[in-house]
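Residue numbers (this note's numbering), protein chains in the order written: chain A, 1 to 250; chain B, 251 to 756.
Since the hints were derived computationally from the structure, they do not count as laboratory data.
Careful, some of the hints might be misleading.
A few chain A positions that, by computed beta-carbon distances, are all more than 12 Å from chain B [to be verified]:
hint, residue
1, VAL27
2, SER35
3, GLN38
4, LYS83
5, ARG92
6, LYS210
7, GLU220
Here are the computed lysine-lysine pairs in the BS3-like style, where the Cα-Cα straight-line distance is at most 25 Å [to be verified]:
hint, chain 1, residue 1, chain 2, residue 2
8, A, LYS210, B, LYS575
9, A, LYS83, B, LYS575
10, A, LYS215, B, LYS373
11, A, LYS80, B, LYS646
12, B, LYS575, A, LYS6
13, A, LYS210, B, LYS440
14, B, LYS646, A, LYS6
15, B, LYS543, A, LYS42
The beta carbon of each residue, even a glycine, is placed where N, CA and C say it ideally should be.
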Amino acid sequence: MLDNVKILIHQGKQYIPDVKNAELPGVFRGRPVISKEQVDEKRLSELCPTGAIAFHPIRLDLGKCTFCGECAFAFPGKIKFTKDYKIATNYREGLIISEGEEQLIALNPELIRKEISNYFSGSLKLRQVSAGGDNSCELELNACGNVNFDMGRFGIEFVASPRHADGIVITGPITENMAEPLQICYDAIPEPKIIILTGTDAISGGIFQKSNALKRGFLEKYKIDLYVPGNPVHPLTFINGVLDLIRIRK
Amino acid sequence: MENYIRIKNNQSVPLQAIPVLTYEDFLEQNTGFMLNEANHCVNYYGVPQGDKLQLICCMANDVEHVIYVSSSLIEKQADLPSFTARHLAFHIFEREIHENFGVGYIDHPWLKPVRYPFDRTEKGSQIKNYPFYKIESEELHEVGVGPIHAGIIEPGHFRFICNGEQILHLEIQLGYQHRGIEKLFLDNKKNLQRASLAESIAGDSVAGHAVAFTNLWESLCGYNAGAALQFTRTLALELERIAVHTGDLSAICTDIAYQLGSSVFGRLRTPLINYFQIWCGNRLAKGLIRAGKNNFHFTNELREQLLQLFDAYEPDFIEMYNELKRLPSALSRLEKTGIISKELSEEIGTVGMSARASGINRDVRFSHPHDLYSRLDHEPAIKHHGDVYSRTQIRKEEILQSIGYIRELIQAIPHSDSQILKRGNEEREIGEVGRGLFAISLVEGWRGEICHCAITNEKGDLQHYKIKDPSLHNWMALALAVRNNEISDFPICNKSFNLSYCGHDL
């Protein structure tokens, strides 16, 4: 018993008190900023492994970006990745960063369905489905609930049964072999329910977008309530995105 | 008579130099290798050559530190005697060859689908109609779990046949995660795309697969990575091992409902993966390892931070581990649970940490060293009981061992060599890919032996890319380990192996 108390004391304080303003140590590739500098746009665009960079003018799509950072190494004056981890939004175009504009990424309150804040603002239970996810986003979603990030304090938790869930969190590019189980799981969640796409693979297919083994038809059928980019997503990106989704009111 | 070629880890040879045998000789030779316990099969797969199929078998000899490679050219629809009938360790490779190319095996005891790839020959074979083993009896019942599981975890289906609470048989059906990644290695021509793919084979083994790909690619290009690059790779592999093992100990505690251990090991993992982010901007080390260049130099400041991290980590880790191992209620769940004996382990050809927990001395860091491992004089940690507790203990030992290695490595940070390319330079500068080559790369990831093989064509393009995650060998070990255990012990057995679904499904 005494040993257990000692262990507890030795852990000190582990949780992050303020998940909205916590600063990340070292380097982190979060929201990019693109300058107006003139560069070889074609070369910049072709450098990207997933075709996330369009030109005339230069735009970077975080829904396709794998956050490898190679564009910023090759064109340091043009693209910089900031440490801003609040990069989740509720509309697909909101993930596209244009050159010359320092724009924060935020949710559009007009697009949040009314029932979300009505029902889920104090408690949100989520069912996670990995559909070809490489276990990196899954690890980070698990980390959201650990003693450091402690997402449970906001009433947001992952549950085992879709019957107990208010929404589905999808990771991975949605493989053909997982398409049907995903649909069955979604159908088992009672209304009203939300869909959260987590990670670049889920949002656009990412590095797998040209694979013949995918079947992404599910995404065309329903409204997506939240896009959380990252490769993998950072726990703070996920927590802040979900908090905004359930707490912002029109 | 020697009818094979001997190569070293990360060596490229002309494809033509690999002897092509008749199937009978090929079978005799490679199953014959298995009589010597220093040998095991690291990869065995098929490469389409025109309307024929070239089977390539890579057998590693851990004592001589070489890999024996031989091949055979067969008709695609041939019906052949199987390797598996002689030695079970080949079962998964032949199942894959059967599924991908339609090769029939007349005496394979378990010729079942592996992963339902999109380009399988038998399109009518559907994942929802997997042919599960059945036992007809009124005494027994079946329990089906998955593909979607209770936690945040990848999908796979487990079908138990139980007698009361006791598991008689478990069959594991995978394939849900299949993303066609080997084909994407060929379709995507940019080196950065391939590096990104390698990092996505299994997101918990980013360093492992990225190093395997990078070493292989540099070998094909005839590029010699300098000490600074090798330093980065070795360090990343060992850090990944410490981080994942720590997380696994947390998960093991979760599965025996030991809250304190779960929380403490869980929070001890956090600074380790945060360290990757401090170093390279990504908590799982994506973006750190690239062929021919180093985007994130290891500075003296980083060294100090890492030393401080270990100084804080070690006492808390040891304190928690000692508490766990003193706890009778924990030990009663871990000891003699999910046993896989040395004999069984050898028979089915397990690798990595799980093999070492069953008394097999199998570790690429020691037997086929790459990067800076030959300097470390690595001695694998071995346990003998093969139960969940052995797989728990081995994690603790490997964590402390790896911390020791890292402390040794970072005493002298190699200066970045002039040959290292600047950031952002394109890949073509590491040299052209050699033509008509075969290359193999082995890496000891935290889970075990990762093997990548590549073949280039006469234009210097990738013609074939083959990935083997250690999970491919080890899933069968899990299925056999749970026999005669209570079904309530399945989660803890599963966690003690912690196998990869996406690494298996590709």
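How the hints compare with the structure:
1. VAL27: Check fails; 4 Å does not lie beyond 12 Å.
2. SER35: holds, 16 Å
3. GLN38: holds, 17 Å
4. LYS83: Since the minimum Cβ distance to chain B is about 9 Å, A/LYS83 lies within 12 Å and the statement is violated.
5. ARG92: About 22 Å separates A/ARG92 from the closest Cβ of chain B, which puts it past 12 Å; holds.
6. LYS210: violated, 6 Å
7. GLU220: holds, 20 Å
8. A/LYS210 x B/LYS575: Violated, at about 49 Å.
9. A/LYS83 x B/LYS575: violated, 41 Å
10. A/LYS215 x B/LYS373: holds, 16 Å
11. A/LYS80 x B/LYS646: violated, 40 Å
12. B/LYS575 x A/LYS6: holds, 16 Å
13. A/LYS210 x B/LYS440: Holds, at roughly 14 Å.
14. B/LYS646 x A/LYS6: holds, 21 Å
15. B/LYS543 x A/LYS42: Given pair B/LYS543, A/LYS42 holds - Cα atoms ~23 Å apart, limit 25 Å.
Of the hints listed earlier, those the structure fails to meet are numbers 1, 4, 6, 8, 9 and 11, in rising order.
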